[in-house]
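Okay, here's what each chain looks like letter by letter:
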Amino acid sequence: MNVTVARIYVTEGKHIYEKVFKRLHDQHKVNGVTVFRGISGFGRSGETHSSELLDMSFDLPVVIEFFDADEKVQEVLQTLEDIIPQCHVLTFAAQLS
Amino acid sequence: MNVTVARIYVTEGKHIYEKVFKRLHDQHKVNGVTVFRGISGFGRSGETHSSELLDMSFDLPVVIEFFDADEKVQEVLQTLEDIIPQCHVLTFAAQLS
Amino acid sequence: MNVTVARIYVTEGKHIYEKVFKRLHDQHKVNGVTVFRGISGFGRSGETHSSELLDMSFDLPVVIEFFDADEKVQEVLQTLEDIIPQCHVLTFAAQLS
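Residue numbers (the numbering used here), protein chains in the order written: chain X, 748 to 844; chain D, 748 to 844; chain L, 748 to 844.
Keep in mind the hints are simulated off the structure, nothing from the lab. Hints are not guaranteed to be accurate.
Remember, identical chains collapse to one label, so a pair may be satisfied in a single copy or spanning two.
Stated by the list, open to error - Straight-line alpha carbon distances no greater than 16 angstroms define the calculated EDC-like cross-link-like pairs of lysine to aspartate or glutamate that follow:
#, residue 1, residue 2
1, Lys776, Asp802
2, Lys769, Glu799
3, Lys819, Glu799
4, Lys776, Glu794
5, Lys776, Glu818
6, Lys769, Glu794
7, Lys769, Asp817
8, Lys819, Asp802
A quick note: this is a predicted structure, and the numbers were derived from the prediction, not measured.
Working from the sequences, and respecting the hints, build out all of it.
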């Protein structure tokens, strides 16, 4: 089955991931949501978020990954545009088996 | 070199990942196996597995990722069908360098 | 926007990831770098690196993921060839939104 995988890149500090997770769970009921915490990272600002930096250790990178039929994923991502900053979502095609 | 990446989505509780890992290592000797633990997730049942939920903190999402030549990956996945539930494996094409 | 995602697979022990991270940050200023620590893994040598093995718990798998325009990613990967062992980088196409 062809699916689209979405990976949403945020950090813990702004509590975006809890909001996104709640919507994916309660409202959209998408298949296969997994949240990963990174140990280091940086975005366009260049500011490093790392478990080795004490003041950043509560604001680590978080990736929310989910997959579903392409149409569903695109629809879900549109409804999340109000909480996810631009250029923070990757999508790619995969096969589910 | 063209490879296929497989990502197998399970949870820790059922000890599937140890079995899969052992087979990938001992029997199939595939290249590049990495296991990641997620901090939250849910599947088709909608039941949330999260490090923030005490009773779920020993049953967190686990992703077993590996890559190899496509033929090898498909062959390996077939031999794992007895232990991995349906619709828990994503595959996609990538370049190895 | 079409981007290329790169995933670089190393282990913690050799301090490769800190060097790669520093270059990606200071020199290349790529978009979207996230580093993940795995809980288990093995490479071509077959040697298992696992958080459950005491002598390997400081040498866990680490994945450095970043994305940018394809040309930029290829250029960056070339400059990293001196520190990343061969056959440890996956690249694949994705959409950024």
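Reference check for the pair lysine 776 and glutamate 818, CA-CA at most 16 angstroms: within, between, both, or neither? within (14 angstroms within a copy, 33 angstroms between copies)
Using 16 angstroms as the alpha-carbon threshold, which applies to lysine 819 and glutamate 799: within, between, both, or neither? The answer is neither: 38 angstroms in one copy and 28 angstroms across copies each exceed 16 angstroms.
16 angstroms Cα threshold - placement of aspartate 817 relative to lysine 769: Answer is neither; intra-copy 20 angstroms and inter-copy 34 angstroms both fail.
Between lysine 776 and aspartate 802, at a C-alpha cutoff of 16 angstroms, which is it: within one copy, between copies, both, or neither? Answer is neither: 35 angstroms inside a copy and 22 angstroms across each miss the 16 angstroms cutoff.
Is the C-alpha distance from lysine 769 to glutamate 794 at most 16 angstroms within one copy, between copies, in both cases, or in neither? Between. Shortest inter-copy distance 12 angstroms satisfies the 16 angstroms Cα cut-off; intra-copy 27 angstroms does not.
Evaluate lysine 769 and glutamate 799 at a C-alpha cut-off of 16 angstroms and name the case that applies: within, between, both or neither. between (29 angstroms within a copy, 14 angstroms between copies)
For the identical chains here, do lysine 776 and glutamate 794 meet the 16 angstroms Cα criterion within one copy, between copies, both, or neither? Answer is between; shortest inter-copy Cα gap is 11 angstroms, intra-copy 34 angstroms.
16 angstroms Cα cut-off: does lysine 819 pair with aspartate 802 within a copy, between copies, both or neither? neither (38 angstroms within a copy, 31 angstroms between copies)
Hints 1, 3, 7, 8 from the list above are not met by this structure, while the remaining hints are.
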